[in-house]
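Asks: Residue numbers (this note's numbering), protein chains in the order written: chain A, 1 to 305; chain B, 1001 to 1441.
Keep in mind that the hints are not guaranteed to be accurate.
[Said to hold, decoys possible] Incomplete in silico selection of chain A near chain B, CB under 8 angstroms:
#1 D108
#2 K148
#3 R206
#4 C285
#5 T286
#6 I290
[Said to hold, decoys possible] Quick list of in silico lysine-lysine cross-link-like pairs, DSS-like style, CA-CA up to 27 angstroms:
#7 B:K1333 - A:K131
#8 B:K1061 - B:K1139
#9 B:K1333 - B:K1061
#10 B:K1061 - A:K104
#11 B:K1254 - B:K1139
#12 A:K280 - A:K131
#13 B:K1254 - B:K1218
#14 A:K104 - B:K1139
#15 A:K104 - A:K148
Don't read these hints as lab results, they were simulated from the structure. Every residue, glycine too, gets a C-beta built ideally from N, C-alpha and C.
Read off the chains here:
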Amino acid sequence: MTSISDLFSIFVMQGFNGLSAFCVLLLMALGLAIIFGQMGVINMAHGEFLTIGAYTTYLLSEVSQRWAPWMAKSYFVVSIAVSFVIAALVGLVIEQLMIRRLYKRPLDTLLATWGLSLCMQQMFRSIFGPKEVSATLPDWLMGSLQPKAGLDIPINGLVVMGLTVFLTGIVFLGLYRSRVGVQVRATMQNRVMANACGIDTRRVDRLTFALGCGLAGVAGAAFTTIGSTGPTSGSMYIVDTFLVVVFGGAQSLVGTIASAFGIAQTQATTEFFLTGSTAKVITLCTVIVILMLRPQGLFATKVRR
Amino acid sequence: MSVTTTAEGRIPATQQPDGGMRFMQTVRDRRGTLLFILTAILLLVVFPVAMSNFRLNLVGKYLTYAFVSVGLVICWGYGGILSLGQGVFFGLGGYCMAMFLKLEASDPISTKIQSTPGIPDFMDWNQITALPMFWRPFKSLLFSLGAIPLLPGLVALVVGSAMFKRRVGGVYFAIITQAVASILSILIIGQQGYTGGVNGITDLRTLHGWDIRSDSAKRLLYYLNAVLLLGSVYLGQRMLGSKLGRLLVALRDKEERVRFSGYDVANLKTFAFVFAAVMAAIGGAMFTLQVGFMSPSFVGIVPSIEMVIGVAVGGRISLLGAIYGTLLVNFAKTYFSERFPELWLYLIGALFIGVVMVFPNGLAGLRSVTGVSLRDGWRRLVRAVRGATGASARAAAAQGGAGATVEVSTGGMAMVSVGQLEGGPPDDDAAEARRAEGGSR
């Protein structure tokens, strides 16, 4: 009897681990799904925008610890908003200085943003030091729920999950149900026609890029609840994130969600039976083989080329 | 049309362009030959005389990276296929060599203190008691030498043809090659017992009884390196001068038109990719010999992308330029990471950004500023591709293509992607749309 309930607990917790991994991947991929999927800009520095968000949260936590103890409980909520704003502002500047000159040369964007990511990493290293730092989490984020003996559901995981659902909802509504979303999609699908319809496509470009970067910042804030932050913590995920977006079918938000889910669950399940590195190799190989057979990704939007 | 036949397509003398053109071409050829000879003197005479053994060995190491660059010029600069996974092929070539050398270094006598003598030391440390199956063939020098180009070439063939046949290209291809690089490095690091893990394969001693660690051996290896590299540059130049080179340029600038002209685009691209892979593999094998070890730190994403920057700095359409670029970037890397490690990342980051945004032609682009105007070159290229669709398709392509390529190499227009050129021919819908698009920004 006990063994069956133990098995059940293991099963549930393993499923939860997979779900957490899914949320992390999806959070990273949301911003990229906009920047890469919609705009077609290969932003290799996307991970660094995530790091910006994470360091912002860390700074806010330090500030609230030292000078504003009354904020100690609520700073995390504030930091989500601040991370978004800061990352979006940096994104705006970068779009203006760099990206907008490169829209027609996607491969060159890749190289330039890689250079940008190296510079940003070194900047983080100079400012915050090479060691990893972690934000002091408020009490309500710590600990775990125990609905049943032997079953531990960590609260920070639940919060990240909630945030993921919330953000995905916002992005979905923003892209598919709002006026701005229509403008964004129109611009990306047919720039000339969108221009003719009176859409300021330059403004849309700026806005979209900043929005994607802001989302990465929020993802960074969420990251601090489950791991520590170092200068290179964003760049570690960048290839995985690109694969998630490509695998899902670049222009499809549903595809991104599905592929993040598939990749995370495959990884979590194989990891349970094999070692971490083997699991990763198997997952990546599967993704690549599927992409070779179906290069347009899981959910391809029909576009006229 | 298969790749092998296009490669042979030399232009008959009667089809040479008009006198002025021919003059330009001779000038270019002379200049190219002169630069080639100068490079050969620099590598084979000046460096060995002027440098200490230590420095020379360092240059030898950089030259092994230059093999990768030569491949990338063909694949990326001319074919327009950016591969961010060259580390995979460099690593595969290097590991093939290292496995042979390691097996030679671990004969039963010198490894008799191990619990299982006769197997590489790292296997013994990882409680492996017998030589794994895939290591066994590497006892033979002949097999190893064959595997160095063939194994990476095969991987490139499989990946390349699978992708290009389904018309995956550009950005997607770059990301997927990057993922392949990540897979291989994770695999090598994870399977410590079979591959030596993070440390790689170290403590290599002899090649068929010849000690590769002595100073004289390193010097000899340097010469071998330089000669092989010059040989591959020569091969590359011959290839680019042939019809294949012109097809690659046409492919990069207007893929659809090449396809409609009846060429098999996928085969051409696969060929360029495989060529680049084999070059990288030779570089990797030479690296193992010259430096004396091989490790996953030359396989992953970061080294792969660093191999691209040397090419970008040197000029992606110039084979010799890419060599100088690679040497320059690696000199700078050694210099700065020794003295100002903090600055190095800023510098290479700025290099990436600057070279893309300000000097898309790199070093080689600087000298061709005064070349024939872009517009002129563009017209010729368009005429060439148009001509190819006509009745006398093949002959016209060879003739018009020749004119276009001369402009490409002298005028430095090659790097300017089609979308950037301001005025296309008036009846070209796509160019029309693009101009409108340009106006909107």
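Asks: Would you pick out the hints that fail for this structure and give their numbers low to high?
Replies: Hint check: 2, 3, 5, 6, 10, 11, 13, 14 and 15 fail, others pass.
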